[in-house]
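Chemist: Okay, here's what each chain looks like letter by letter:
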Amino acid sequence: MSFITGVGLTPFGRHEGSSSLDLMSKAAQAALDDAGLKRDEIDGILCGYSTVSPHIMLATVFAEHFGIRPSYAHAVQVGGATGLAMTMLAHHLVEAGVCRNVLVVAGENRLTGQSRDASIQALAQVGHPDYEVPLGPTIPAYYGLVANRYMHEYGVTEEDLAEFAVLMRAHACTHPGAQFHDPITVANVMASKPVAMPLKLLDCCPVSDGGAAFVISRERTGEAGVRIRGCAQAHTHQHVTAAPALSELGAEISIARAREATGLALSDVRYAAIYDSFTITLAMLLEDLGLAGRGEAAVRVRSGHFSRDGAMPLNTHGGLLSYGHCGVGGAMAHLVEAHLQMTGRAANRQVLDASIALLHGDGGVLSSHVSMFLERVR
Amino acid sequence: MSERIADWTKGEQAITYQTCDSCGHVQYFYRAFCAACGASDPREQRASGKGRVYATSLVCRAATPETRAHVPYNILLVDCDEGFRMMAHGETNLAIGDEIDASFKPFAGKLVPFFSKRK
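Here the protein sequences come in this chain order: A and B. Residues are numbered in my numbering as their position in the first sequence, beginning at 1, plus a constant of 1329. Residues are numbered in my numbering as their position in the second sequence, beginning at 1, plus a constant of 78.
It is worth saying that the hints were derived from the structure and are not from the lab. For clarity, every value in this text was computed on a predicted model and none was experimentally measured. Virtual Cβ for every residue (Gly too), placed ideally from N, Cα, C. Hints should not be assumed to be uniformly reliable.
Partial pick of chain B residues on the chain A-facing surface, computed with a CB cut under 10 Å [what the hints assert, rightly or not]:
{"no.": "1", "residue": "T87"}
{"no.": "2", "residue": "A141"}
{"no.": "3", "residue": "H148"}
{"no.": "4", "residue": "I153"}
{"no.": "5", "residue": "L155"}
{"no.": "6", "residue": "K188"}
Build out the structure end to end from the sequences listed, making use of the hints.
Modeler: Here it is, written out as structure tokens:
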């Protein structure tokens, strides 16, 4: 058994003058404080990567900087799925008795530490170096291709996709740490600059500075008990050129494995924390996971199903689309928010019941998937 | 191991693919083995350059000065007649399912496959 005993999250946006290590340290300190643990009680460290400050040993660089001498430490790289993959590994390390308290941390000054072009270019390298990258694709283009096909097969429209951007912005407006606080409409999304059609600027997550961290422990450290009930992964390909058919993508595989591992059904889920790098990512993942029928997720957004007061509150902090995306820490914010909801600490964003949460992360171009169920224990 | 046939990634005006003689698997990304069964030396051939549009995305925001000079450019996933999928450029009016033929056009200092609607 493992518990998420503490969470930490910085505001996302501009942190002028902060390095990746600064943002990681800030989030890590917040997570330790939340767990009520001291540095010498942390015996494991897992960290993500920083595209601004790449390093072959980031976990020990961080450990030295932060002042911890762990018995287990290394970095993990699975693109956008890194945060949940680290959480899954921490869960298994704790269950296996290797560690008592694992600090999972990521942070990056991706917005102010490099130019937007450098950021877009660095990320485009997830493409094949010989067969894709010379064609000048960008991450939005990889997802634009997937969007074009998905819309064709399931009758989804650009207006449908826009609904997800509007929903995430509405949620971000209620979180003081979010990068964007101006409400937007479907018309605004439709009128925003084309990036890689059918994706327009407001269909895409921003580039942000920020950090996030959690502590995964063998024992509860406070009253708030959030247990990792179980998790699973699936990796079907790396490059979009080699992706399987839309009906065979990894999200469906990983959620099936996670359901089997936990004995939970989707009908048990009360809160959803789903990766949303683009509007299409969120629409597809919701449908792949079974949280909406094929081509029906947008209808559910319009009916309020995924709103704070709806039947399945989704990314109530605003997600990558509007809370922001600082790299690995970006999707970790989804888990922090889920934890706050499950422990009744989400303030004006609090949902009625977040007793069981489903989290899902995606890395690459729907390449790597991690599904995870969290359960509140009293 | 047999000599590689030069293709567009090596500056030639050609698209190549491999077929495994053991299991029949067809692959586009070159390897010295079959990714499906592991057999060595899958047979390499030139493709006809004929195919159908699987998906398109018109890139309007590029990330480098070299690629920015070409915007907007249409990126395609093409299902080639020989049974493999590839990424390429194409005319901007293409739709999913269109039958297309390959030619080659300069892009950011390289010749890249460019597909047009079959006449």
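Chemist: Does each hint fit the structure? Answer for all of them.
Modeler: Hints and how they fare:
no., hint, verdict
1, T87, "holds, 5 Å"
2, A141, "holds, 4 Å"
3, H148, "holds, 7 Å"
4, I153, "holds, 5 Å"
5, L155, "holds, 6 Å"
6, K188, "holds, 5 Å"
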